[in-house]
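In order, the protein sequence lines correspond to chains A and B. For the first sequence, position 371 (counting from the first letter as 1) is numbered 371 according to the numbering used here, and the numbering increases by one without interruption. Numbering-wise, the numbering used here comes out as the position in the second sequence, counting from 1, plus 1000.
It should be emphasised that the hints constitute simulated quantities derived from the structure, not laboratory data. Don't be surprised by glycine CBs; every beta carbon is placed ideally from N, CA and C. Among the hints, erroneous ones may be present.
[Said to hold, decoys possible] Covered stretches of chain B (chain A as the covering partner; in silico rule of three or more C-beta atoms under 8 Å from a C-beta of chain A):
{"no.": "1", "segment": "1148-1161"}
{"no.": "2", "segment": "1252-1261"}
[What the hints assert, rightly or not] Computed Cβ-Cβ distance ranges for the label pairs, DEER-style:
{"no.": "3", "chain 1": "B", "residue 1": "GLY1167", "chain 2": "A", "residue 2": "MET24", "range": "49 to 59 Å"}
{"no.": "4", "chain 1": "A", "residue 1": "MET24", "chain 2": "B", "residue 2": "ALA1171", "range": "22 to 32 Å"}
{"no.": "5", "chain 1": "B", "residue 1": "PHE1130", "chain 2": "A", "residue 2": "ASP118", "range": "54 to 64 Å"}
{"no.": "6", "chain 1": "A", "residue 1": "ILE103", "chain 2": "B", "residue 2": "ALA1071", "range": "48 to 58 Å"}
{"no.": "7", "chain 1": "A", "residue 1": "ASP118", "chain 2": "B", "residue 2": "VAL1074", "range": "33 to 43 Å"}
{"no.": "8", "chain 1": "B", "residue 1": "ALA1137", "chain 2": "A", "residue 2": "MET24", "range": "55 to 65 Å"}
{"no.": "9", "chain 1": "A", "residue 1": "ARG84", "chain 2": "B", "residue 2": "ALA1071", "range": "27 to 37 Å"}
{"no.": "10", "chain 1": "B", "residue 1": "ALA1071", "chain 2": "A", "residue 2": "LYS138", "range": "32 to 42 Å"}
{"no.": "11", "chain 1": "B", "residue 1": "ALA1137", "chain 2": "A", "residue 2": "GLN139", "range": "51 to 61 Å"}
{"no.": "12", "chain 1": "A", "residue 1": "MET24", "chain 2": "B", "residue 2": "VAL1074", "range": "37 to 47 Å"}
{"no.": "13", "chain 1": "B", "residue 1": "LEU1183", "chain 2": "A", "residue 2": "LYS138", "range": "51 to 61 Å"}
{"no.": "14", "chain 1": "A", "residue 1": "ILE103", "chain 2": "B", "residue 2": "LEU1183", "range": "20 to 30 Å"}
{"no.": "15", "chain 1": "B", "residue 1": "PHE1130", "chain 2": "A", "residue 2": "ARG84", "range": "44 to 54 Å"}
So you can see what is in the structure, the chains are spelled out below.
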Amino acid sequence: MPKQRAQGSRRVWVPAAFLGLFAMVLVARLVQLQVLDHARYAEAAQQELLGKDVVYARRGSILDRNGNVLATSVNTWDVYVNSRTWKDAGRSQKAANVLGAAIKLDPGVLRASVLASDAVDVLIRRDVDFETGNALIKQDLEGVILLPNTNRVNPEGDVAASVLGFIGLDNTGLAGIEAAYNDMLQGEPGKAIYERDTTGDPIPFGQHTVQPPKPGKDVVLTIDRFIQEMAEQRLATAMKEHRAKGGAIIVMAPATGEILALATSPGLKFSNLNFDDPSQLELLKNVAVSNVYEPGSVMKILTAAAAIDAGAVTPDTSYVDNGIAYIYGIPIKNWDDSVYGPQTMTEVLQNSINTGAIFMMQQLEAIRPGGFQKYLDAFGIGRPTGIDFQGEAEGIVRRPTDSDWSPVDLATQAFGQSISVTPIQLMAAVGAAINGGNLVKPHLVRALVDQQGNRTEVKPEIVGRAISGQTSATVRQMLHQVVESPGRFHPGNPREYSAGGKSGTANVPVPNGYDQTQIASFIGFAPLDNPQILVLVKLDNNDDFLTGTVAAGPVFSKLADDILRYMNIRPDGSKYVSRP
Amino acid sequence: MLTITGLVTVYSASFVIGLARFGDPNYFVIRQAIWAAIGTLLLIAAMRTDYHRLKPLALPVMVLTIGALVAVLVIGVEGGGARRWIGFGELTVQPAEFAKLTVIIYLAAWLASKGDELRTIEHGLVPFVFIIGSLGALIMLQPNLGTTLIILLITVTMFWVAGASFGQMLALAVSGFVAMALLATVAGYRADRITAFFSAESDPLGNGFQTLQSLIAIGNGGIHGLGLGASRGKFFYIPESHTDGVFAIIGEELGILATVPIILLYMLLMFRGFQVARRAQDDFGRLIATGVTTWITVQALLNIGGITRVIPLTGVPLPFLSFGSNALAAVMLAMGILISVSRYGTNSALPARPAAGKDRHIVRRRQ
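The following block holds chain B by itself, in its conformation from the complex (with noise of 0.2 Å):
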């Protein structure tokens, strides 16, 4: 699949310029520049690798990452009021990026064997909520909402595609709104976080700060945007302007030109994402295929809606775009066997051709 290949290059190369408006310290540019390399690496492998020899790890791989979330409410690092990861030295790891995927590889491979049992409760949406809610307790105790609602909505997406009944989904979708109201209102800065978002305007300088600051810089940008490294909000007014603001210091050096195409470029590789798994030969890979797709659809839209005040902030890197090394290995770790998914696992032959050409066109335009 040249086609997402394409548009991770697409990706990668807009990082980089993305990351290279930071600057100064080119401390976050080097090291985005060899996570990507390393991703890259990961992504290739993953790639050539038959994605049906996940299936044996899921279990393993599932049990470890388990292991590392509890590892991290032990011995992790605390940053920001909240422990999400656990240092090598150097070397930073955060279990919840890798979570993610793992939770995918396993939800997949249990769904996958389930068959038509899932449409009853007691094989079905029970343990279902059993597995998906003790994991998500561990999540929430770091605490890292974001993750948990990211993983919240590829895990339900998932069960929905593997054939769960629409009693049983709405169940979820009464439940998990619950829950995440309760949630919300327990941790102060998560109330804050929506109060912010109704009431910007009232506290301009504390809560609403941070929204505030990023819809000027992105209104300001306009529809050609200040030009690229011309960024007044990264100069401390937008805070996390390298992760979760990314979006905003892109929609206020290239405006809407360059806002809008991320979101479509987005929305295209969703598009593939979904094909795949459509056309996928078995309900391992689609499975597979769907939650690596809702992953990085949602976390993009949450992201943006964030920023955009659409939603309220939830905290989430913008996947590819985003500094942060955990993060964008585990992206691209995910697109390989995204891709392994559409190569060894479709049947009709190459129906994306002429798409491909179009996505050529996109890339020479950014570049």
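Same shape as in the complex, but just chain A (with noise of 0.2 Å):
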């Protein structure tokens, strides 16, 4: 007995031993574990907790020249409701009435809707302003989950909406100037990174960094939001007036190419925004910038530009117009097939006649040959502006140089026909002609602000010379003779302004030839020799088919009127002076 239990007690070292051993592989684990791969295992670690969000920057606003808000960020709070604290009725009760309360829902609908849902965290409603997010922040309601958002509010309504366009949900620009300008209006987003759970949530004391988002700038427009306005109405009573299917109104500054306002039909309307609707993509651009037409008769002031500019004709200069010019055998009309007989270059103008259009572009042809289509270059046709907007088409011109070409083309452009601009590049192109010369780069924003004050105005920029100064008063002068001459009434004349302008009805082209509709336009300037403001008018497919200088004239000159006493210009007009 004693000798077994000798041996028993001998016998229980072991499994001591075994077990002692395996508890050393253990240490050496952890001594590996922990002190030698820790650096390794740390990474990792680090690695898989962190988590990242992005801090959205306080997105710039958008003011008009004078510093009126037009498009600008307000802080909201996005609504949460975690579905499984609320699916305990008796936790959730409370917490629905009091939430349904604050957003206008009716609690049991506002229950149901988040039981019914799949997430975990339902969205019930974006955007709810700040004061009553914080008020349910403070009511720490059960299940409640509210996430700081900002909300872009347009406080002057549709004013200018279509130069404004809008942001996604993303907080970034899809349209318009908020497309335009994104990287300056963004900022920089900020990031705050933070320790998490799997299953994505913050841990309590973890480590959290955030970097701040740098503040996106304030965009201040060239647009004036009153002219903006007059030219909005003034667009939608003319189109009202004349059953016109779309068009535009721009009103540029001519000496710097600064867009006062750009009206256009279609366009964007904050109020009825519904991209379910397809048709109302087409409102992404702008149809001032994207769209080309036909510019008709208003050509004309380019063609006489021109040819002066070169000394091939002068205002004097007379031709005979037998109402039909053959050009390689292909007879080519006036307009209203009228025969005018002799007439000054200044009379073709008057009325608008194609044939002295032709004339003139003949003339400068025999002195210099290839000069149209170089003039048609400096004045900037055929390609884009580089105006600050996106989206801008560059026209269609046919140059000698294109297979196509013939020497028809170049008679038919000289009125107008056979070529395509933007109303924009029209814009600039006549601004041209009328403003000294200089062919300068239209563009819709005027300084750039950041959050500190700091102000950044942009320069006009002058692309190039097309014509020289003398050839542009001259020009002015024609032009004002064409709203203004002894024993004429012209719609598109000013009655406190002196002013010029020129109107164009040209037929929409469509493949081989031209459809019945038409687009009446008139692009005119005030005051005469100094002018501030160059206004195109055009009018889509009016349906009473009244020339340019009929439906659009008189937009233009009570425009004019408008514009310039609200810009406190000294009235110069020859009827207003000889007015008591």
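Since each chain comes alone in its own frame, lean on the hints to assemble the complex.
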């Protein structure tokens, strides 16, 4: 018995040895894990722990040229409800009542929609206003989660909507200035880096660093919200009066290229934005920048300016109109089929004689072959202006170098056919003809202001020189005589200011010819000697088939009076002076 | 044996700290504290009871245990794909936890009664395999591989200490290994655990998740750890972080300065336990001491080995430290019996004095 016990006693140390050995292996393993490989595991832990959130920067505002706010961001809250928490009817009833009252939703409907959702955190309402959200946060409702967001608001309503554009849910501009200047408006989003659990929620007391976002810059437009509104109202009225399907009114400062107003139809309206309607996708672009049309007789301004600048004709050069011109045997008639007989170049513009425009082009080509095309290039025709807006079209010009060009094209281009421009391109070209000869870049943004108030002005940009200052003055005089000459009434002549202008009535080109629809337009400037505004009025497919002079001319004259009076420009019109 | 009492106190203290980390739902802490108190009462009661009085209870308790194990299969509560608990309202009982203890007592009594007859096949190996095999089968039906494995290791060790021959041990080792291999392949999740052990990286979000996350947590702890309460892993990265995975959390929060001492404490416990066994007056006491010591040590090492990916995960809790009411009560009761053996069973008086002082030193440092 003692012997056995002694043996048993010793036997105890066998399992002890096994277990001790294993324990030593474990200790060695721990040294390996926690000391030797610590750095590797620490990094692995960091990697899987770190969560990143984008903290959106406050988006800059868009202001008009005088500082009126057209688009700005306000702080809001997005309201979510945790559907798991709300499964318990007792806990959710009170929260549903309070939340429902705050966002004007029936508590029963609210609960039902939360419970019907598959999501854990159910989005209830975006962009709840700041005060309502703060009040909800104070109440600390069961399962109700509020996340900060910003909402874009347009305090002036639909004014300049097509220029401003809009942003998407991710705070990125999708159209208009919001898109064109997105980088500046958006700023630089910040980052929140935090340690998270496997469900993605931040761990309390975990490492949490926030890289603050850089707020976006404010964009100051060249647009004047009052001139913009005048233009929009005039466009709407004119379209209604002449049963037009669309149109545009652009007001530009001819010397600098600053766009003071840009009204278009069809155009964006914040009040009825609905992208479930596919036709509204067209509104993502601005028709004055993206769509081309044949300018028609307005083009004669450039033809005359080119011929005079080259010294081929003077305003008093005369020729005899037979009512028809033959170009390589192809007859080209006047717009009204009339025969004017002997006419000066000024009278060609006054009466808008197609054969006269061809005469000017031919005189130019006679002394300077290829000169007409060179002048078109100098006026920027067929080339994007580089306006600070997305989606600009370049226009269509058939050049002598193109395979399908014919000499007939030169003749028709002289009076504005076989040539397509964007409204903004035409503004720049005519602007050069009347502003002293400089082709300036049209632009919509005047300055950028950062959050510290540092203002960066956008300098007007002269792209090139089209004609001499002398020629420009001559063209102004000729265009003045279009709207104001003894014995004639012209609807495009403003009552209070001296002005100049030219109408255009163009058929809409379709494959193999022209449609029955037309575009009636008028481009004019005022005051005569130092033009402050250049205005294009364009009415598309006006059902009454009135000409540019009759339909668009009065819109210009009234608008010029309104705008210049608003701009505090001293009236200098002959009729105004003659009135008591 | 103040030594062991001291050790238990240390463990008790540290598990409370360990569980306090689970912060928000004090649920766990309060439960565990209550069970620690109950456990302490059980310990003191057992400590003051002469372990010889357990001997007549061995058979009835064993019958009761088997009854409970059968009952759990019939009326048990399901959890995590297994039937392991019997519910009495708030209270749940996990018979397998107490089965470990009753098996030790029963087997100690049985083996002690055999004496030299053990060395024969018909009186030793065959009945032994029958008893252990049927008990193991009952627990495997839950299923609960970890507990089965521990019971097998405890009983085989007891069998060895009781005087089994070398040949018998070899036969047991071989057949045990074959049985484990078979069982591991039968259940999908066990095969997954073994796959995860060998190639956790190939499936970091699936089978390898628990293994890899535990390793990351322990490795991230480094020497000092992230600080008490600063664990990242407990935020759902480590499954069962408060039970089976608690060692990973300790490693993450307190570093190697805590993990190695914890292993050393278990080693000290083992040393003390086997010392008690060696000095025990009779076979019954020695076998009980052997069983209890083997149980706690094996279970601790299986847990830590699984967490540190030295062996495949077996899903057993860490004695004293893991959350779990039944396990804690059973372990503390067992410790009480072990102390009883040392109090009523040793022939030589107090050889452990110097060591006691060393333990106190450890206690102070950990506070």
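Open item on the list: Using a Cβ cutoff of 8 Å, are there at least 3 residues of the segment 1252-1261 of chain B near chain A, or does the coverage claim fail?
Closed with: Answer holds; 4 residues pass the 8 Å Cβ test.
Open item on the list: The hint says 54 to 64 Å between PHE1130(B) and ASP118(A); measuring C-beta to C-beta, is that right?
Closed with: Distance hint for PHE1130(B), ASP118(A) holds at roughly 55 Å.
TODO: Please test the hint of 48 to 58 Å on the beta carbon pair from ILE103(A) and ALA1071(B).
DONE: 55 Å, holds
- [ ] Determine whether the Cβ-Cβ distance between ARG84(A) and ALA1071(B) falls within the hinted range of 27 to 37 Å.
- [x] 35 Å, holds
Task: Status of the given 32 to 42 Å range, CB of LYS138(A) versus CB of ALA1071(B) - done: For LYS138(A) against ALA1071(B), whose Cβ atoms are near 54 Å apart, the range 32 to 42 Å is violated.
Open item on the list: Looking only at beta-carbon atoms, does the pair PHE1130(B), ARG84(A) fall within the given range of 44 to 54 Å?
Closed with: 51 Å, holds
Task: Claimed coverage, the segment 1148-1161 of chain B by chain A - three or more beta carbons nearer than 8 Å - done: holds (count 3)
Task: Cβ separation of ILE103(A) and LEU1183(B), checked against the hinted range 20 to 30 Å - done: Check failed, 59 Å falls outside 20 to 30 Å.
Open item on the list: Looking only at beta-carbon atoms, does the pair GLY1167(B), MET24(A) fall within the given range of 49 to 59 Å?
Closed with: This hint is violated: roughly 29 Å between Cβ atoms.
Task: Consistency of beta-carbon spacing, VAL1074(B) to MET24(A), with hint 37 to 47 Å - done: Given range 37 to 47 Å: holds, Cβ gap about 44 Å.
Open item on the list: Does the beta carbon distance between ALA1137(B) and MET24(A) stay inside 55 to 65 Å, or does it fall outside?
Closed with: With a Cβ separation near 34 Å, ALA1137(B) and MET24(A) fall outside 55 to 65 Å, so the hint is violated.
- [ ] Can you let me know if the beta-carbon spacing of LEU1183(B) and LYS138(A) is within 51 to 61 Å?
- [x] Holds, since LEU1183(B) and LYS138(A) (Cβ atoms, about 59 Å apart) stay within the stated range.
Checked against the numbered hints given earlier, this structure breaks hints 3, 8, 10, 14; the rest are met.
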